[in-house]
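If you read the protein sequences in the order shown, they are chains A and B. Position 41 of the first sequence, counted from 1, bears residue number 41 in full-length UniProt numbering, the numbering being contiguous throughout. Position 277 of the second sequence, counted from 1, bears residue number 277 in full-length UniProt numbering, the numbering being contiguous throughout.
Since the hints were made in silico from the structure, they are not lab data. Think of the CB as a built atom: it goes at the ideal place given N, C-alpha and C, for glycine as much as any other residue. Incorrect hints may have been included.
As the list claims (entries may be wrong) - Per label pair, the in silico range of CB-to-CB distance:
no., chain 1, residue 1, chain 2, residue 2, range
1, B, M348, A, L452, 27 to 37 Å
2, A, K320, B, S413, 44 to 54 Å
3, A, K487, B, E535, 18 to 28 Å
4, B, E358, A, K307, 36 to 46 Å
To be verified - Calculated cross-link-like contacts (lysine-lysine; reagent style DSS-like; alpha-carbon spacing at most 30 Å):
no., chain 1, residue 1, chain 2, residue 2
5, B, K349, A, K320
6, A, K231, A, K204
7, B, K101, A, K204
8, B, K331, B, K349
9, A, K411, B, K331
10, B, K409, B, K331
11, B, K101, B, K91
12, B, K361, A, K411
13, B, K300, B, K331
14, A, K411, B, K351
15, B, K349, B, K280
16, B, K254, B, K350
17, A, K165, B, K349
18, B, K302, A, K411
19, A, K274, A, K355
20, B, K361, B, K350
21, B, K254, A, K274
22, B, K351, A, K376
23, B, K300, A, K374
24, A, K464, B, K409
25, B, K353, A, K374
26, B, K272, A, K94
27, A, K264, A, K231
28, A, K274, A, K316
29, B, K328, A, K438
30, B, K349, B, K361
31, A, K464, B, K269
32, B, K350, B, K300
33, B, K269, A, K411
34, A, K165, A, K204
35, A, K231, B, K350
36, B, K302, B, K350
37, B, K331, A, K362
38, B, K331, A, K316
39, A, K165, B, K331
40, B, K353, B, K331
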Amino acid sequence: MSRAKPEDDEYWNSSKFKAFTFDDDDDEFSRLKESKRAVNSILVDDDDDDEEEEEEEDGVERVSWSGEPVGSISWSVKETASSIRSGSEQSFPKIDTTPSLSKQGSGYSLSSLFKAKSKPFQSFSESFSDTAVRTYAPELRKPKSDGKDFVSDLSPEETVRRMQKGRAFSLEKFRSLQDKLLLLYEAVAVYDGNLITAVLIYLKKSLSKEILFRELMARDVALRHYVHYLKEMGEQKLLVELMKALGRTEDMALMQYKEHLNIKDEGQRRDFLKSCLGLPFSQDDATHVQDHYTLLERHIIIEASDKKADAEIFKKFPRKASILNMPIITTLYYSCFYHYGESEGTYSSPANIRKTFRISEKQYILTALGARAKLKSWFDVDSLFNTKNWLGYTKKRSPVGFHRVVDILQKNSAPVNVLQEYVNLIDNPELKLSVALKYKCHDIVINTYRDLKDRQELVVYREKLERDSPEYRKIQELLNNVQIRWKN
Amino acid sequence: MAHTEWKDAPGLPDFSLLKRLARDQLIFLLEQLPGKKDLFIDADLMSPLDRIANVTILKFCLYTSSLKYTYFLFFFCRLCFLIRPRIQTVKWISDLVNADKVAGRFRRYKIIFTPQKFYACETVLEEQGVYGDVTTDEWNFYILPLDDDILSLELPEFFRDNFLEGDQRWVTTAGSALRLLQSVYGSFSKVYGIGRCAKMVYESWRELMEDGEQRTRQPEFAKVFLVDRDVDFVTPLCSQVVYEGLVDDLFRIKCGSVEFGPDVTSSDKSIKVMLNSQDKVFSEIRNEHFSNVFGFLSQKAKNLQTAYDKRRGMDIQQMKAFVADELKGLKQEHRLLSLHIGASESMMKKKTKQDFQELLKTEHSLLEGFEIRECITYIEEHINRQVSMIDSLRLLCLLSITENGLLSKDYRSLKAQYLQSYGIEHLLTFANLRQLGLLEEQQAGETLTVMESKVGKLVNDKTVGKLTDAFSSLAKKSNFRALSKRLALVPKSGEEYDLRVPRDMAYVFSGAYIPLSCKLIEQVLERDGWTGMEEVTRMLNGQEFAVTGGSSSSEARSKTDAQRIVLVMFLGGCTFSEISALRFLGKERGCRFIVVTTAITNSSRLLEALLDNSA
Chain A
1 MSRAKPEDDE YWNSSKFKAF TFDDDDDEFS RLKESKRAVN SILVDDDDDD
51 EEEEEEEDGV ERVSWSGEPV GSISWSVKET ASSIRSGSEQ SFPKIDTTPS
101 LSKQGSGYSL SSLFKAKSKP FQSFSESFSD TAVRTYAPEL RKPKSDGKDF
151 VSDLSPEETV RRMQKGRAFS LEKFRSLQDK LLLLYEAVAV YDGNLITAVL
201 IYLKKSLSKE ILFRELMARD VALRHYVHYL KEMGEQKLLV ELMKALGRTE
251 DMALMQYKEH LNIKDEGQRR DFLKSCLGLP FSQDDATHVQ DHYTLLERHI
301 IIEASDKKAD AEIFKKFPRK ASILNMPIIT TLYYSCFYHY GESEGTYSSP
351 ANIRKTFRIS EKQYILTALG ARAKLKSWFD VDSLFNTKNW LGYTKKRSPV
401 GFHRVVDILQ KNSAPVNVLQ EYVNLIDNPE LKLSVALKYK CHDIVINTYR
451 DLKDRQELVV YREKLERDSP EYRKIQELLN NVQIRWKN
Chain B
1 MAHTEWKDAP GLPDFSLLKR LARDQLIFLL EQLPGKKDLF IDADLMSPLD
51 RIANVTILKF CLYTSSLKYT YFLFFFCRLC FLIRPRIQTV KWISDLVNAD
101 KVAGRFRRYK IIFTPQKFYA CETVLEEQGV YGDVTTDEWN FYILPLDDDI
151 LSLELPEFFR DNFLEGDQRW VTTAGSALRL LQSVYGSFSK VYGIGRCAKM
201 VYESWRELME DGEQRTRQPE FAKVFLVDRD VDFVTPLCSQ VVYEGLVDDL
251 FRIKCGSVEF GPDVTSSDKS IKVMLNSQDK VFSEIRNEHF SNVFGFLSQK
301 AKNLQTAYDK RRGMDIQQMK AFVADELKGL KQEHRLLSLH IGASESMMKK
351 KTKQDFQELL KTEHSLLEGF EIRECITYIE EHINRQVSMI DSLRLLCLLS
401 ITENGLLSKD YRSLKAQYLQ SYGIEHLLTF ANLRQLGLLE EQQAGETLTV
451 MESKVGKLVN DKTVGKLTDA FSSLAKKSNF RALSKRLALV PKSGEEYDLR
501 VPRDMAYVFS GAYIPLSCKL IEQVLERDGW TGMEEVTRML NGQEFAVTGG
551 SSSSEARSKT DAQRIVLVMF LGGCTFSEIS ALRFLGKERG CRFIVVTTAI
601 TNSSRLLEAL LDNSA
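Let the sequences and hints guide you as you build the complete structure.
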């Protein structure tokens with residue numbers, strides 16, 4: 001856009017610039033425009049004010065910011081604003097007002113447009129809106145062109161307008177709490193987050209935190225901007241205080257917990273997590289944070305001993321990374337890989353980890369299966385699923401579908417005989433057949449077709465096999481078997 | 001092909017003008033700084049910059065590409081930083097300046113913020129005592145045209161800042177972008193919108209236009225539609241299956257270009273390819289359902305072969321003409337064709353490896369509200385097996401939105417398993433998702449109306465200063481199921497859907513779901529407003545509006561091409577699937593859509609913006 005400022009000639013030697021003051025283009029022409037505006041506003045404002053005061057005296061119902069904006073500032077400001085610009089074309093329409101507000105004429109209630117907006121202003125009490133009118137209305141009457149420092153004479157609304165345009169402004173003159181809040185209100189009213197934050201920065205510097213917190217409590221939009229600003233500035237302490245003051249203890253706890261991410265040293269991180277245990281988390285989250293602490297504590301112990309471990313398994317499969325800060329399931333996998341079969345008493349044993357972190361059977365089986373299959377210990381894989389029934393027979397049972405089990409085995413390149421065993425355990429015959437086809441478990445495919453007495457499928461399947469392979473011959477034998485009554 | 005250009009399509013405005021404007025301003029700003037200087041460019045700005053000004057025009061400055069590195073060699077005593085207005089970056093620059101001061105080095109510093117500066121950033125300079133040592137300026141680079149019909153603000157942070165943090169810093173930026181479009185391309189006749197942010201952006205735009213000078217021009221857009229991303233979270237959470245969307249999901253399109261790795265190019269090099277309407281092959285397949293792409297490409301390959309074969313039996317003269325006129329085009333097409341075939345192959349491979357069909361089946365069941373228990377089991381196993389952390393989260397969110405929140409028991413168990421599989425620090429991610437209403441626990445027995453009246457009572461009660469949990473308690477309900485029924489988003493199951501001849505926008509999701517956002521746009525344009533959709537807007541938390549533009553005189557209303565161009569602005573990002581759906585809609589209705597978005601998004605980008613698992 002063509003907002004490049006010509007006065008930026010002094011690019012490299014501008015140390016005289018002050019905070020928040022931009023070169024002001026107050027050449028004569030703009031002063032002229034200023035004064036013209038000021039003159040216009042005098043008339044208009046007088047009318048408005050009269051109306052306001054009349055209403056007040058009549059005892060006409062006045063409603064706070066959150067309610068219907070009868071005679072409230074929100075609309076008198078809007079009125080003023082639109083009448084100042086009355087010269088300009090009305091070509092750009094406002095969003096249609098709702099019918100209930102049409103009695104307001106051109107004014108419309110901001111709060112009714114934005115439900116969430118209604119909260120920020122509810123603490124503007126009635127008395128406050130009265131005084132607010134008085135405090136800034138007279139200033140509008142002042143001609144702005146004669147003052148030496150007219151920037152400091154501007155109303156909150158005009159100040160916000162200047163800020164919007166990136167022109168010089170000063171916030172220092174807004175010293176009363178009401179003025180400050182009015183300024184904040186105006187910034188919120190133009191939906192410009194940049195300005196809202198700018199005003200909040202000023203409020204942060206010029207109000208005690210107790211007062212600021214108290215006022216923010218009822219102003220959701222401003223509050224969220226403030227929280228975000230503090231987050232970005234890394235003002236953790238203040239943020240925690242704010243959350244505490246707002247009574248948002250769970251948010252506060254999470255915010256403090258988040259700090260652990262910035263701690264690199266694992267010992268310090270563990271100690272920090274320990275200090276988090278007492279924070280007012282929700283019940284569930286408290287358990288998780290406790291787990292986090294226990295886990296890291298466990299990691300540190302395991303890491304210390306495994307780093308110098310010289311057991312066979314570590315030589316055969318050197319560790320690719322340290323176990324520190326890994327998720328629980330990864331830790332379980334690690335322990336099933338390197339510490340399988342250790343007694344439950346040791347911290348690094350799968351059984352201990354499973355118990356400590358309340359890992360479900362399903363999760364445990366899936367993880368242990370992956371780890372043992374990776375090591376190709378098919379015996380361990382078998383024993384994961386073996387259960388003895390009351391007659392002493394062993395039978396395979398699994399909390400996950402056996403097709404999943406086959407998936408995992410196959411991904412770890414299990415030999416065909418192992419795969420076949422588990423494919424056979426799939427209950428659903430269709431699923432079994434499709435898995436068998438997918439992983440080329442010939443025997444199962446052949447047997448299934450045989451059981452289905454499906455001669456044609458067998459013939460088709462035979463063509464896919466290598467001639468004179470054992471499977472090929474098996475099909476051949478079956479097809480030659482006269483005792484089978486084929487269905488086709 | 002279904003998507004070839006139709007005859008009477010209205011022409012689109014020429015958006016390259018926007019690039020030129022931005023480039024000219026940047027050159028102007030840089031020329032303002034006399035002498036040689038080091039130029040530092042925010043990593044996030046490199047790609048957009050690449051698109052508007054090739055590096056040669058910046059040649060007069062020596063530049064380092066990224067701010068991520070802390071070690072620099074400084075050649076000149078003038079440093080210029082071209083950055084997004086972020087507090088972190090400004091802090092980093094302040095530290096650098098202060099380190100120079102301590103070391104007694106004397107340099108001059110300038111920060112150019114784009115698209116605008118923020119007071120908070122300048123306050124950092126002031127607080128760090130370098131205000132004045134560092135001067136600042138703005139480069140109002142609001143819009144990057146990504147294609148003939150896609151304009152991007154390139155502000156991915158818009159989504160998190162606005163919807164999660166509740167920071168309205170980008171509202172004015174979006175308003176300014178619209179003002180820029182209006183002042184360059186003319187006015188509009190009608191504006192519709194839905195969403196809190198959409199309303200604010202409209203107001204901001206209106207204010208800007210009232211302040212600025214007004215130019216009356218023949219409008220180039222008929223209508224404008226503003227929509228908040230949080231009106232429709234379901235669509236961006238679904239797996240994309242149109243070609244362009246799939247490429248984005250798998251390879252990540254960045255600023256309109258994509259890097260194809262060795263597995264696609266079948267060489268040992270990666271190739272960067274621009275993906276836009278200039279690519280003749282791509283422009284024909286980008287909007288197609290993936291299942292059609294292979295057939296199309298092989299047909300195309302055959303045609304190409306025939307074209308090559310033409311040269312057999314040519315005499316010298318014909319051959320000369322062939323080489324001069326056609327060969328180059330054929331070669332070009334050949335190259336593109338082999339790239340896209342390679343990409344399709346690689347996508348097939350990746351997708352079969354991940355059991356894509358099962359994943360899609362689960363998504364469709366969730367959209368339909370069918371066999372939810374099975375879906376939960378699938379998601380659970382997905383989590384247990386530690387497959388893609390983002391995909392697990394995506395499925396959880398889809399489950400929660402479509403089901404209006406999870407049952408307490410399910411929520412707790414799934415959350416616990418998620419934390420066990422992917423790290424306990426995701427506690428923070430869950431808190432974010434909950435705040436946004438993406439992943440919630442059902443409140444037992446509390447309906448929306450009960451909540452509302454409760455909150456209403458609190459607000460009216462003046463003594464209540466401690467209305468605290470305003471954030472989370474107001475988290476809205478998605479009402480997806482009811483919306484879906486009302487707007488017929490999910491076609492009746494059992495009907496055959498021929499993806500080669502799409503009958504509605506549902507084709508972008510294999511015929512299983514019409515994107516909510518696009519359906520709203522269709523309905524509103526059809527009705528010329530929101531009348532008759534009261535129930536729908538109520539379920540979407542209201543915030544809808546429709547205004548008629550004053551500047552459109554009667555002649556502008558005449559049937560010019562411009563009257564059939566609709567500008568749709570997505571606040572918080574839009575997906576390629578939505579763009580494809582809108583292109584389809586435009587074709588059906590004889591109009592053209594221009595998409596303006598704060599950034600191109602997809603499920604991964606959307607969720608990654610909400611992760612909080614690292615410092």
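Each hint, compared with the structure:
1. M348(B) - L452(A): 27 to 37 Å: 32 Å, holds
2. K320(A) - S413(B): 44 to 54 Å: 31 Å, violated
3. K487(A) - E535(B): 18 to 28 Å: About 57 Å separates the Cβ atoms of K487(A) and E535(B), which means 18 to 28 Å is violated.
4. E358(B) - K307(A): 36 to 46 Å: This hint holds: roughly 40 Å between Cβ atoms.
5. K349(B) - K320(A): 27 Å, holds
6. K231(A) - K204(A): 14 Å, holds
7. K101(B) - K204(A): 29 Å, holds
8. K331(B) - K349(B): Holds: K331(B) and K349(B) sit about 27 Å apart, inside 30 Å.
9. K411(A) - K331(B): 41 Å, violated
10. K409(B) - K331(B): Distance ~60 Å between K409(B) and K331(B) Cα, so the pair is violated.
11. K101(B) - K91(B): 15 Å, holds
12. K361(B) - K411(A): Answer holds: K361(B) to K411(A) is near 22 Å, not above 30 Å.
13. K300(B) - K331(B): 13 Å, holds
14. K411(A) - K351(B): Within the cut-off at roughly 16 Å; holds.
15. K349(B) - K280(B): Holds, at about 25 Å.
16. K254(B) - K350(B): 20 Å, holds
17. K165(A) - K349(B): 54 Å, violated
18. K302(B) - K411(A): 38 Å, violated
19. K274(A) - K355(A): Answer holds: K274(A) to K355(A) is near 21 Å, not above 30 Å.
20. K361(B) - K350(B): 17 Å, holds
21. K254(B) - K274(A): With a Cα-Cα distance of about 42 Å, the restraint between K254(B) and K274(A) is violated, given a limit of 30 Å.
22. K351(B) - K376(A): 27 Å, holds
23. K300(B) - K374(A): Not OK: K300(B) and K374(A) at ~45 Å, beyond 30 Å, violated.
24. K464(A) - K409(B): Roughly 50 Å between the alpha carbons, so the hint for K464(A) and K409(B) is violated.
25. K353(B) - K374(A): 18 Å, holds
26. K272(B) - K94(A): 46 Å, violated
27. K264(A) - K231(A): With Cα atoms ~20 Å apart, K264(A) and K231(A) stay inside 30 Å; holds.
28. K274(A) - K316(A): 36 Å, violated
29. K328(B) - K438(A): Cα-Cα ~45 Å, so violated.
30. K349(B) - K361(B): Judged against 30 Å, a Cα distance of about 18 Å means the pair holds.
31. K464(A) - K269(B): Not OK: K464(A) and K269(B) at ~38 Å, beyond 30 Å, violated.
32. K350(B) - K300(B): At roughly 24 Å apart (the allowed maximum being 30 Å), K300(B) and K350(B) satisfy the hint.
33. K269(B) - K411(A): OK: K269(B) and K411(A) at ~29 Å, within 30 Å.
34. K165(A) - K204(A): It holds: about 23 Å lies between the C-alpha atoms, which stays within 30 Å.
35. K231(A) - K350(B): 39 Å, violated
36. K302(B) - K350(B): Roughly 26 Å between the alpha carbons, so the hint for K302(B) and K350(B) holds.
37. K331(B) - K362(A): Not OK: K331(B) and K362(A) at ~56 Å, beyond 30 Å, violated.
38. K331(B) - K316(A): 52 Å, violated
39. K165(A) - K331(B): 53 Å, violated
40. K353(B) - K331(B): Status violated; Cα separation ~33 Å.
Consistency note: the structure conflicts with the earlier hints numbered 2, 3, 9, 10, 17, 18, 21, 23, 24, 26, 28, 29, 31, 35, 37, 38, 39, 40.
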